[in-house]
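Participant: Following the hints, complete the assembly by docking chain G onto the known chain P.
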Amino acid sequence: MAVTVNVSHLKVAARGEGGMPIPIIRDVSFSIKKGEVLALIGESGSGKSTIALSLMGYTRPGLEVVGGRIQVGDQDVLALKSDELRALRGKTVAYVAQSAAASFNPVVRIMDQVIETAVTTQMCTRAVAEAKAIGLFKSLALPNPETLGHRYPHEVSGGQLQRLMAAMALMADPALVIFDEPTTALDVTTQIEVLRAFKAAVKERGVTAVYVSHDLAVVAQIADQIVVLQHGEVREAGQRDQILHEPDADYTQSLMQAAQPEKRVRPSPAKALGTMAPILQIKGMKAGYGKARDGSLQKTVLDNIDLTIEPGRALGIIGESGSGKSTLARVIAGMLPPAAGQVCFHGEVLPPSLRARSRDQLRRIQIVFQNADTAINPAQTVGEVLARPLQFYYGLKGQALTKRVNELLDLIRMPSSSADRLCRKMSGGQKQRVNLARALAAKPDLILCDEVTSALDSVVAAAILDLMAELRHELNLTYVFISHDISAVRAVCDDIMVLYAGTQVEAGQSQAFKSAPYHPYTDLLISSVPQLRRGWLEEARPGSSGAQAQPEDGLCRFLPRCSLKIPGLCDTMPAPRHALSDGRNILCHLDEPSLRAAQLETV
Amino acid sequence: MRVGLLILKRLGAALLTLWLVSLLVFILSSMLPGDAASEMLGQSATPEAVAALRLKLGLDQPLYVRYFQWLFGLVSGHPGQSMISGLPVAEIIGTRLPKSLFLAGLTALVSVPVSLTIGIVSAIYRNSFIDRALNVMTLSMVAVPEFLVATLSVLVFAVSLRWLPALTIIPDVADPASIARAYALPVMTLCFVVVAQMARMTRAAVADQLDQPYVEMAVLKGLTKPRVILRHVLPNATGPIVNAVALSLSYLLGGVVIVETVFNYPGVASLIVDAVTSRDMPLLLACTMVFCTAYMVLVLIADVAAILANPRLARS
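Chains P and G, in that order, give the protein sequences.
The first sequence: position 595 = 595 (the working numbering), numbered continuously.
To convert, count from 1 in the second sequence and add 1000; that's the working numbering.
Simulated from the structure, these hints should not be mistaken for lab results.
Heads up, a few of these hints could be off.
[Stated by the list, open to error] To give an idea of the interface, some chain P residues facing chain G are shown, with a C-beta separation under 10 Å as derived from the structure: (1) Leu88; (2) Arg89; (3) Thr121; (4) Ala172.
[What the hints assert, rightly or not] With beta-carbon atoms standing in for the labels, derived distance ranges: (5) Asp1208(G) <-> Gln361(P): 52 to 62 Å; (6) Ala141(P) <-> Asp1208(G): 34 to 44 Å; (7) Arg1227(G) <-> Arg205(P): 55 to 65 Å; (8) Val1136(G) <-> Lys425(P): 51 to 61 Å; (9) Pro143(P) <-> Leu1011(G): 47 to 57 Å; (10) His150(P) <-> Met1137(G): 20 to 30 Å; (11) Ile1027(G) <-> Lys283(P): 54 to 64 Å.
Just so we're clear, the structure is a prediction, and the values are computed from it rather than from any experiment.
All residues carry an ideal CB built from backbone N, CA and C; glycine is no exception.
Here chain G stands alone, though its shape is the one from the complex:
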């Protein structure tokens, strides 16, 4: 019962955070210089034309009125229309978001097992050659800027070797082989970015547990090494690991602008950049709220997983 209450509290906190974020981004975005009207008509527009367009777009109303109109729209599933294309925002995001989620999901599928393995192996062989080699490898992976990784991988695998396509064109027929071919390069690039942090956090969490007396006890009970790690160490390291994973994965939705641009991938990250440059407020705000919600959901899942893994929290 206590678990239910804890989760409800976390959920409430997440909703409150979302509301605060909506307020914050709305105010901040209204402070951007220029607005959609002046942006659409260009620099040579007359003030009268701009004013007329403002009136048409409803930009003449006070900030708080626009905020509440937008908020109620958002809650009822109608986050407005794009000021630039005139299409409903929900529709624009609706076509892009699944693609982003798919890319993020694929990347998670590859990067999480890889980073957990790297983290656990380097914790077990702490300060050995393997540990240092893995450490240098993951850190240099994260140190190389992702545009460089993306560009170089295109150069090598697409241009020179011609193994993989340079652009990610989503295949019509969804068989695993063509998906793998199409997504190999962007997924690899994204893994470069997220593996290091997850692996380092896993290593720290596991190493911390390896020093605990109960691990020595498990060894002295004559248990095999895999059993000591899987049965005794990992369940105790779950909390910090799932949190690191959640943080890294949340990046995969909103932070992948460069990868989307290089591979010409129609995801939501490039959408938000377009929305900022064109001052398309309804689209920008909706995208921000989508990222924020995704982040909240991931953190909430991590919290719940950490609570369930710890009987001291899970059992009253």
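The shape of chain P in the complex, shown without the other chains:
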């Protein structure tokens, strides 16, 4: 079959200070046959997006192609003039961006954006284009395809926007579609639906595609060929099964390992449950935003939360975006006073708001924020960042301060010379270490980790998780580990609590989360985590995601998405909380045997 895409010896460089070119892509070659999907896989900085964009004759500001040849069909992309490039883009080669939420114009209706290329280039009339777009919406399994296009981007959920963007790309029946990390920003349950829709659309139309991702498990579902990139060079390239089963390069193997956090060995907790007085205890807590006239909350984010953590243990809190996990951390830290219920710390009731807490109470609970880029002042040196809590809580100065900063750097496995480096010059992983050290500086008893690894590449994230596990051992820390990633949570936590729409649907010890039965939502979460084997996507259970109507107050929040619901019971009576035989408790009408039967059947 004819070769449709051929990239040979591509070199891209950044214009550095003083005009010296810095190589970003060094000599990359690959080719894609018609109808094939090629995955470019690598971590951030590997140049995968740069290569993908260069297929459209586009480089981001500051970059330029300095060598090589890109052939798409019979066109030499790098030799095209600007009007020829315009004709290529959107028609011959189409692009699906990472964040559809940011890549749709917020003030233009979706339909107008989807059909824009087709209409402005007079490919077809508006009516024909709209009809075609509605057909694409249907084939991408979007709800209300007839009317969806009249909405503005902010009125549509993230997973739907991502599919709408794919529809936009497919409008002109392009010869090549570039998917640039299209599911990275989505919840796992949403990711499944979007991946399925993409895969079906690609197959159905025989589209040739480039799929850019950092996630091997996702790539395993959709790609025919895989190119593994690191620092702008090809580490390994080959057919999917060969890369997945017999990876040659060390780098590919480390990527594979990082993709399977549960297989990593980490120190287990020191003490057994129930031997110590709890460090943190929350009962019947309710929290939210906005106060109505009668004193109730305008928007309840968390309802009826109970939790207990014993010293030295790690509690994982999982749920998808909007489930209230970060709000829970904010309540514990005192940033958001709860509307009902109390936070007990070491047996004493903590004042609800930050202002009323003593300095020592503040010191004992520290928070590590998700995004180190925004949590740390980029204009300060690492030393200054770490010195601030030491001065505030311990009044350290001079030699003592320097000594303690060095100790902290040692804890996070960074050399003491890095104290003088500016935070903005650090890599993402280093910044997250500094972020962690800043919390450790206060010598806290409890650290709240809010999605600390979700902005990091898998290899770097795995290293941070390892570091956190070691520190827990060394310093006898207690963690509340908030994440959307159930495999990360299972790997580092002793106890797990699953939040769905602000309610606690399941809680128990981590080991118990290894086999069915689960709460139906937990089951959906677990089965939605992509697995490295092919065929997983087809076998995985479809879980309807997103913005269904919320059930009435008191009823199970998961009801609209539950595949096991019992009509007449679940939609009339509040679900009871009951214990499973392994000590977990779940909020569900179904009893243990029926959950087990339903869940084992589908595995």
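Facilitator: Chain G in isolation, oriented as in the chain P frame:
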């Protein structure tokens, strides 16, 4: 519906602000040393004569009584009589305000398109030679004091070249050519003052949007550059741009004293200066309220435009 409510709220806030301003200027103006009576009679007047005139003008009454009398007059359309000329204030302002509005309108007509063009062009060609040249040009325009611009332009275009009249005499017959001739110099001078800020704000707003991922997406969809700018970038930059335009234009009513003086133009700005020097309180207060209202109206228009341009605010 939410838009209506938002606009009503803004309107309410504007009225409240106007009332506070009326209170403030009334109190402040009463604190100016001397009053109309002593100002009219001059330094050699006897205290008895001044007291008699005060009584006649009603200046002997307590401040709050005078305030409420004035406020009700203002609301019912009778902001009193000038203490100096004896003419109704409404009439004095009525003859001057349309002329000021006309000058401001003409200036807006020229300066807004010019500054938007400069701003958009320099944002598109960010950090290029064009951007820097436009930047230097607009900033040096705003850096030169307007009296200098006005005087120099009169020197060059009226005195040396004799192309344009030195004084702005409003033509009786309103044909476009004679209007253009008469207004060319003052409008040019005023443009010098307001273009820089509008252009800089436009550049910042557009440049900010150009960095957004949806602009890259629009380019990758194969759209032409004008379409990317007009269809995608500008609607998103509307909010900050209309606000900058409103702020600059509000200056054109009250802040153009120098231009009015140089070109001997009978607008409201010189009226307010006269009112201050002669302690003509009713006139001064009325002028202040006119400026303030104009400012409020412009800001309100900018707010509404920004709301309508943003579907997240416009659609509930």
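Participant: Hints the structure violates: just list their numbers, smallest first.
Facilitator: When the structure is compared with the hints, numbers 5, 7, 8, 9, 10 turn out to be violated.
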